[in-house]
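Visitor: The primary structure of each chain is shown beneath.
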Amino acid sequence: MDWNCCWTKEQIEPGECPNIRESDDSLRTLLSRRIAEKCFYCDRFRDDLRRLSEVDQPLARLVPQLIEGLRDQKNQIASMAGSLDSRNQEISFLHELAEVLQTTMNLDEVLSVAMTAITAGKGFGMNRAFLLLTDKCQHNLGIGPRNLQEAWETWEEISHHNYSLTEMASQFFNTKLRTEKAKFHDILTRLGTLLLDDGHILSRILHGHRPLMVDGRVRAAEGDDGLSEFLEVDSYLIMPLVCRNRAVGVIVADNYVTHKSITRQDLESLETFGYTVAFAIERASLYDQLQEKIERLVDANEQLLEQQEQIVRMEKLALVGEITSSIAHSIRNPLMTIGGFARSLLRKKTDDDPLREHLQSLVTAAQQLDDVLNEVLTSSDSLYPTRDQWDVNLLVYRVNEELAERLVQRNIAVRLDLPQNLPMAFIDFRQITFCVKTIIINLLDSLPDGSEVTVTTRLMPEGIVLEASATPVPLGHTVSGLGIMVCRNLLEKQEIPFTITTTDQEISFRITVPVERRE
Amino acid sequence: MARLLVIDDEANIRLLYAQELGDEGYEVVTAATVNEALQRLDEQSFDLVVLDIKLKSESGLDLLQQIVRERHNLPVILCSAFSCYKDDFSAWLADGYVVKSSNIEELKVEIDKVLGKKTHRG
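Taken in order, these protein sequences are the chains called A and B. Its first residue numbered -16, the first sequence is counted upward by one per residue in the working numbering. Its first residue numbered 125, the second sequence is counted upward by one per residue in the working numbering.
The set of hints was computed from the structure by calculation and includes no laboratory data. A hint or two may mislead.
[Claimed, not checked] Below, computed lysine-lysine pairings styled on BS3-like, alpha-carbon distance capped at 25 Å:
hint : chain 1 : residue 1 : chain 2 : residue 2
1    : B       : Lys232    : A       : Lys331
2    : A       : Lys476    : B       : Lys232
3    : B       : Lys210    : B       : Lys232
4    : A       : Lys299    : B       : Lys178
[Stated by the list, open to error] If we take Cβ atoms under 7 Å as the criterion, some of the chain A residues that face chain B in the derived model are:
hint : residue
5    : Ser308
6    : His312
7    : Arg315
8    : Asn316
9    : Leu318
10   : Thr320
11   : Gln350
[Claimed, not checked] Estimated spans, in silico, between C-beta atoms of each pair:
hint : chain 1 : residue 1 : chain 2 : residue 2 : range
12   : A       : Ala348    : B       : Gln190    : 36 to 44 Å
13   : A       : Asp334    : B       : His196    : 43 to 51 Å
14   : A       : Ala283    : B       : Lys232    : 54 to 62 Å
15   : A       : Leu338    : B       : Gly146    : 15 to 23 Å
For glycine and all other residues, C-beta sits at the position ideal for the given N, C-alpha and C.
Here chain A stands alone, though its shape is the one from the complex (with noise of 0.2 Å):
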């Protein structure tokens, strides 16, 4: 039989098949290749097949059989062949993502590459795409066009400057995070309430660990909340992101542009992507919470440092107090002894007694001593004021009881103006007592006798004006003295303004305590 087809030569001339070109001529010598990949699919050999069938031989109706069986096996290798390596991209692409997503820890960039990377045509190819988490809302964040123009122009960019996934994450990143967030805050706040709900299709898939993909089908057997129509698509899928069986939160995608439907397969290749996505997010997290953790011990090492070395400046403070108090003792005695004996031996001198005069001298040099001591005792009592609130007139009432018996003797009068409707200060009474005190024993000791000395209280915004005046000046009163200077460390110590005005007519010393708490 003469065959039509080139099938039974082992060798054959160029241009001998029309199905082999220049580029196949290895085809010309190998005859098993030649029929597989030529002439499985000639007109010619096809013919032959045909008139072959016609032979009456049982063989000759088989080899048609074997040959279609064949064709039907490549096409099946070359499907798998397709699908092996759609599946490497895949693996290449999750690779890819996986590095990239190491190298950060900021949770921002992190959810940058995971949206990036769902909407890219080199990744997912995803329309549009929504990430809610479940403890930081304030990261939600969705990615996509809100209308086809925005789509053109995005894509005819993305096209135009063929950047990698790697560059559009960090583009997205650096400039359109929070433009993106602001642009899909109707819908991000809308999803981060229905996630809150329990009962809602989001919160459901999300506690349920599995992701699904909707549909009509979906729709109508299981109902979808109106989410689809909320998002205006007819398919969307959800995908939880959950690691070490927590949820962290859930990603919503669609084709919201091209309506192209969703696969299952896009649902599988998904699955794989959120699990390093959501290993990514939780370690992002976990790395903030440990930097918050990190700055919060050193601000407690700090504090404790500043505690030991108030604790060890209190130490010396105490000593201070101590050595202090120590030697008040040791004064106070004998100068009890001579002051009082002196009084006691004035009091029974005759006023034209000659001793007199030696022994007034020696009331008061005690007595002066006994202030100076008093003086040193406050300073150094000052160190740990004990603020309340304290009734000022009657702070000024008690001073002047203290000091009766030195008025009198003086025949100076201390006129008090103090008004019944003060409130209450914020003091440490000892403290402000004493400069009350110390600033009246100041005007006392350079007043000529029958002088007098006026104290007043008033309420101002800046607090109670406590103020103790003298008119005229006294001849030759200095302001200063250690008692005024310790005053005014005290005063200054609790931030308490105090003023000495000094004109031709008067002298004040003004003392503003303040009326609410002060720390």
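Since the structure of chain A is provided, determine the placement of chain B on it from the hints.
Guide: Positioned in the frame of chain A, the structure of chain B alone reads:
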């Protein structure tokens, strides 16, 4: 005439108290130590005790507690060179607190006040 017991480890101070308070019309008995004071308290009755806080190695505050416990009608005025004990809880048991100074007038005023009030504890 009110009888006072003055307890102070300084002989000069005891002498001063005896003279000054005696001039005021009080009968003054003095003691230098806790034991001596307890002995005086057992021997006779007093209207008021003037007590120093630091008595050499002994504590006037301990004695104050004992007096308050055993003779709770007997008023005590603490008279010390230390002002810091004013804030000490144990010192609050006393009826008065005077810081020693060259002028004994404050103590006299305090004694008058406490005796005038006829303080009764319990």
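Visitor: Against this structure, judge whether each hint is valid.
Guide: Here is how each hint holds up against the structure:
| no. | hint | in the structure |
| --- | --- | --- |
| 1 | Lys232(B) - Lys331(A) | 18 Å, holds |
| 2 | Lys476(A) - Lys232(B) | 36 Å, violated |
| 3 | Lys210(B) - Lys232(B) | 19 Å, holds |
| 4 | Lys299(A) - Lys178(B) | 24 Å, holds |
| 5 | Ser308 | 6 Å, holds |
| 6 | His312 | 4 Å, holds |
| 7 | Arg315 | 4 Å, holds |
| 8 | Asn316 | 5 Å, holds |
| 9 | Leu318 | 5 Å, holds |
| 10 | Thr320 | 4 Å, holds |
| 11 | Gln350 | 6 Å, holds |
| 12 | Ala348(A) - Gln190(B): 36 to 44 Å | 39 Å, holds |
| 13 | Asp334(A) - His196(B): 43 to 51 Å | 47 Å, holds |
| 14 | Ala283(A) - Lys232(B): 54 to 62 Å | 57 Å, holds |
| 15 | Leu338(A) - Gly146(B): 15 to 23 Å | 22 Å, holds |
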